[in-house]
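What follows is each chain in one-letter form.
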Amino acid sequence: MTDMEDRFRSLDRVQMPELWGEATLRAVAEPQVAPQRTNYVLPVGLATAAIVIALIVGLGMLWGPTIGTPAPSPSPALLARGTFVIRDWGPVEFEATREGSSVTGRMEIGMGRGSEWPITVDLQCTRTTEDGLIMIGGYTDGGLHPDGTFAAIALRRAPVKAAIWAYGSPPWTPTTDCLANLDGWLTEERTNHPTDEIWLRDDIEGTVEFGP
Amino acid sequence: MTATADDLAQLEVVYRQDAERLWRALLAFSRDPDIASDAVAEAFARAIRGRAAIRDLQAWVWRTGFRIAAGELQQRSRSSTQMPDTGYLDTEADSDLLDALAGLPEKQRTAVILFYYVDLPIREIANRTGMSQLAVRANLSRGRKRLKHLLGESR
Chain A
1 MTDMEDRFRS
11 LDRVQMPELW
21 GEATLRAVAE
31 PQVAPQRTNY
41 VLPVGLATAA
51 IVIALIVGLG
61 MLWGPTIGTP
71 APSPSPALLA
81 RGTFVIRDWG
91 PVEFEATREG
101 SSVTGRMEIG
111 MGRGSEWPIT
121 VDLQCTRTTE
131 DGLIMIGGYT
141 DGGLHPDGTF
151 AAIALRRAPV
161 KAAIWAYGSP
171 PWTPTTDCLA
181 NLDGWLTEER
191 TNHPTDEIWL
201 RDDIEGTVEF
211 GP
Chain B
1 MTATADDLAQ
11 LEVVYRQDAE
21 RLWRALLAFS
31 RDPDIASDAV
41 AEAFARAIRG
51 RAAIRDLQAW
61 VWRTGFRIAA
71 GELQQRSRSS
81 TQMPDTGYLD
91 TEADSDLLDA
101 LAGLPEKQRT
111 AVILFYYVDL
121 PIREIANRTG
131 MSQLAVRANL
141 SRGRKRLKHL
151 LGESR
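Here the protein sequences come in this chain order: A and B. Per my numbering, the first sequence runs over residues 1 to 212. Per my numbering, the second sequence runs over residues 1 to 155.
Hints are all accurate, no fakes.
Some chain A residues close to chain B (C-beta under 7 Å, calculated; not the full set): (1) Arg7; (2) Phe8; (3) Ser10; (4) Arg13; (5) Arg26; (6) Leu144; (7) Ala166; (8) Tyr167; (9) Ile198; (10) Trp199.
Now the in silico label distances, taken between C-beta atoms and shown as ranges: (11) Pro105/B / Gly90/A: 22 to 32 Å; (12) Glu95/A / Gln10/B: 50 to 60 Å; (13) Ile54/B / Val85/A: 33 to 43 Å.
Quick caveat, the hints were computed from the structure, so don't treat them as lab data. All values reported here derive from a predicted model rather than from experimental measurement. Glycine is no exception: its CB is placed at the ideal position from the N, C-alpha and C atoms.
Based on the provided sequences and hints, a complete structural model is requested.
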């Protein structure tokens, strides 16, 4: 048993009052029914979305596609790759290459105790902060969550530290903009924690190789 | 009430098996025995009323209990009601732990309590909270780190 589990066991000393009688009494009492409200949010939202799409399509038709010779693209360079075990998540395996500003790569994240299926992530974007933190993000496309959930990894060199992030919770909700999601994650962590060491503290067991 | 005598007997079995752990988990979640008691009684009352439509009784009661407690906490914060005097809890439970848990966001707090206190695997936490397994894993990971920081632990 861990220290944390020991601390939680102190709850066992608090006695619960008998509540079964109260529950059965409440069950026979008239349930309170909240008044129904007409929901105008969805129709207004759909109408707004339709107007925005129409504007985008219309402007696109006005200007038309830009035709030109594509600039020669640089060959893909390794961004980072690794195989390691990280606390809470389990085994992680990933490789990402960078070509210009775009990223290609895959990540597979084990889900640890109680979950036998890993999740797979299509890596699509990266952000390197001024202080050297490398963040790589993408969307789940297989395993337990083939549903396009945003997932990302943050890495620091020497000593190697890592954190995995997936799934959004308020106040920040992931969007389809991969870079904006990376920025959202970073902002949330750095707003809530005085130093990166609090959220980026997982010592990993395994190896990570960084590109140039 | 739509529950038959058999339904009621079945519900009482779940109550005897789970209510105490659920109540303590809700106490850790809300730091308020009144909210924990209200949420447990109300969750079972609703289960009795709607028994016929509930497939997984145990998971349903836990999910409903946490939703009721979360709603009461939100209502309290909106109406800026004073926290009740729960000084006696400090002599029985780990008050530093309860204070630190109160500093976690709701979903992280739920995941951490169900993992460390109720000792549930990720799949079952997802089943009892309505979160996806990925969300449970993410909230647990972040909640654990934040809890350790709030408790002043290095790892």
